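2 protein chains.
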Amino acid sequence: MRTTKNPFSPTASDEPDRLAEIYRAAAQIICEKGYDATSMNDIAEAVGITKSGLYHHVSGKRNLLFNIMSFGMDSLEEEVIIPAQVTDDAEQRIRSIIRNHVHLITSRSTSLGNSPVTILVDEVAGLTLAQRRKIDQRKRAYVNLIRDALSKLKEEDKLRDLDVTAATFSLLGMILWLSRWYKPQGRLNPDQLSDEVTKIALSGLLRQEP
Amino acid sequence: MRTTKNPFSPTASDEPDRLAEIYRAAAQIICEKGYDATSMNDIAEAVGITKSGLYHHVSGKRNLLFNIMSFGMDSLEEEVIIPAQVTDDAEQRIRSIIRNHVHLITSRSTSLGNSPVTILVDEVAGLTLAQRRKIDQRKRAYVNLIRDALSKLKEEDKLRDLDVTAATFSLLGMILWLSRWYKPQGRLNPDQLSDEVTKIALSGLLRQEP
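Chains as they are written, first to last, in our numbering: chain A, 5 to 214; chain B, 5 to 214.
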C-alpha cells in the first residue's frame with residue numbers, strides 16, 4: 005500500500021507527492037462538510053484541478069475515502085510504527101510512539117485546529133465492508149504494538165497496578181484527541197506538546213523511580 | 005433546553021423518555037451509516053415508528069442532529085457538570101468529573117463498542133452555523149470547568165509541572181476516547197474502568213503525596 009519514490013522515473017516520483025496533496029485537501033473538505041455532503045466537484049476545486057483530472061487519480065468517492073485512510077495508516081506506519089520497532093526496550097518504545105505520533109498529528113494540523121486525515125481514519129461508515137476490514141486490521145496492529153509494550157512493562161514491574169487494555173486506550177485517547185484540538189498557531193509548539201503528553205502519560209502509566 | 009418531568013401531566017412526563025429513545029436510536033444509526041446517508045425513513049425504522057410519527061417529534065434531519073447533540077450536552081450537564089460543582093475542592097471536582105463522565109459514556113455504550121450520542125457531539129459539519137455556535141459554547145463551558153479546576157490545583161502546587169491546557173485536553177482525550185472503544189460485554193465493568201482512568205489521570209496530572 006505504501007508508495008516509494010523511484011529515482012529513475014521523474015513522473016512516478018512526483019505522483020506520491022501529488023496524491024498526498026489530494027488526500028490532505030480532500031480530507032480537510034470532507035471534515036468540514038461531511039463525507040456524503042462533499043461532491044467530487046468540491047474536492048477537485050479544493051485540490052485545484054478539474055474533475056476529470058481528479059478522476060485520473062481516483063476512481064470514485066468511496067475509493068478516495070479508503071485511499072485517504074490508507075494514506076493516514078501509511079504515515080502512521082512510516083513515522084510511528086517502524087521507528088518504534090527499532091528498540092526492544094519497552095519504555096523507549098512507548099516514548100518513541102508518543103513523541104512520533106504527537107509529531108505526526110501536530111505536523112498535519114490545519115489552522116482550523118484539526119488534523120483531517122487523522123480524524124477521517126475513524127469515519128469508517130463510508131467504507132465497504134472489505135475496505136473497513138483492511139483499515140481495522142491495520143489499526144488493530146497498532147493497538148497491539150502499544151499493548152505488547154505495556155504488557156512487557158507490566159512483566160518488568162515498571163507499570164503501575166493497571167489493566168493493560170485500559171492503559172493502552174487511555175494513552176491512545178490522549179494522543180489521538182490532539183487531532184481535534186491542537187492549533188499550530190497556539191502557545192505550545194509540537195516539541196513542547198510532545199513533552200507535555202509524554203510527562204502526563206508516563207507519570208500516569210509508570211511506577212515512579214525509587 | 006433541558007426537559008423536566010411534570011408529575012401532573014402523564015403525557016408530558018412520557019415525552020422526555022420517548023425523545024431520549026428516539027435520539028439514542030437515531031444517533032446509533034447515524035453513527036453506523038453516516039449522517040447524510042441516513043434518511044428520516046431509516047431513523048423512523050430504527051426507532052420503530054412511522055415516518056409521520058417521527059415528524060411529530062422533530063421537524064427535520066438537521067434539527068434532529070442538533071437535538072441529539074443538545075441531548076448529549078444536557079446529559080453531560082446533569083450527570084457530570086452539576087454534580088462536579090457541588091464541591092469547591094479542585095481535586096474532588098476532577099475526581100467527580102472523571103468518575104461521572106466515564107459512567108455517562110459506559111452506561112450509554114452499545115454492544116458495537118461505541119457510545120453514539122457522545123460520538124455524534126463531534127459531528128458538527130451537519131449543523132447550521134447558529135446551531136454549531138450553541139454546541140461549541142456548551143463544550144467550551146465544560147472545557148473551562150476542567151481547566152479552572154486544574155489551574156486551581158496548579159496554584160495549590162498539587163499539579164505536576166505541566167501546561168494546564170495540554171493537561172485539560174489530555175484528560176478529556178482519555179475520557180472521550182472511551183466512547184469509541186469501550187464494550188459493555190468486555191472484561192472491565194464501568195466501576196473498574198472509572199477506577200483505572202482515575203488512577204492513570206491523577207497519577208499523570210498530580211504530584212505524588214510526599
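Please note that a few of the clues may not be correct.
Since copy identity is lost for identical chains, a pair holds within one copy or between any two.
Stated by the list, open to error - Straight-line C-alpha distance at most 25 Å; calculated BS3-like pairs for lysine-lysine:
no., residue 1, residue 2
1, Lys55, Lys187
2, Lys65, Lys187
3, Lys37, Lys162
4, Lys203, Lys138
5, Lys158, Lys143
6, Lys138, Lys187
7, Lys158, Lys65
8, Lys187, Lys158
9, Lys55, Lys143
10, Lys143, Lys156
11, Lys65, Lys37
12, Lys203, Lys55
13, Lys138, Lys55
Simulated from the structure, these hints should not be mistaken for laboratory data. Values in this document were obtained by computation on a predicted structure and should not be read as measured data.
Going through the hints against the structure:
1. Within a single copy, Lys55 and Lys187 get their C-alpha atoms no closer than 31 Å, and across copies no closer than 42 Å, so neither meets the 25 Å cut-off.
2. Taking the shortest alpha-carbon separations for Lys65 and Lys187, neither the intra-copy value of 28 Å nor the inter-copy value of 31 Å comes in at or below 25 Å.
3. Taking CA atoms no more than 25 Å apart as the test, Lys37 paired with Lys162 passes in neither setting, with 45 Å inside one copy and 43 Å between copies.
4. Proximity of Lys203 to Lys138 under the C-alpha cut-off of 25 Å is found in neither arrangement, the shortest distances being 33 Å within a copy and 34 Å between copies.
5. In this homomeric assembly, Lys158 and Lys143 come within 25 Å of each other (Cα to Cα) only inside a single copy, at 23 Å, whereas the closest approach across copies is 36 Å.
6. Taking identical chains as interchangeable, the C-alpha atoms of Lys138 and Lys187 lie at most 25 Å apart only when they sit on different chains, with a minimum of 21 Å there against 31 Å within one chain.
7. Taking identical chains as interchangeable, the C-alpha atoms of Lys158 and Lys65 are never at most 25 Å apart, the minima being 44 Å within one chain and 48 Å between chains.
8. In the homo-oligomer, the alpha carbons of Lys187 and Lys158 lie at most 25 Å apart only across protomers (23 Å), although the nearest pairing inside one protomer, at 35 Å, exceeds that limit.
9. In this homomeric assembly, Lys55 and Lys143 never come within 25 Å of each other (Cα to Cα): the closest approach is 32 Å inside a single copy and 38 Å across copies.
10. Taking the closest pair of Cα atoms, Lys143 and Lys156 come within 25 Å of each other only inside a single copy of the chain (20 Å); across copies the shortest separation is 38 Å, beyond that limit.
11. Proximity of Lys65 to Lys37 under the C-alpha cut-off of 25 Å is found in both arrangements, the shortest distances being 14 Å within a copy and 15 Å between copies.
12. In this assembly of identical chains, Lys203 and Lys55 lie within 25 Å of each other by CA distance neither inside one copy nor across copies; the values are 47 Å within and 52 Å between.
13. With identical chains, the CA atoms of Lys138 and Lys55 are never at most 25 Å apart, being 28 Å at best within one copy and 36 Å at best between copies.
This entry does not satisfy hints 1, 2, 3, 4, 7, 9, 12, 13, going by the numbered hints stated previously.
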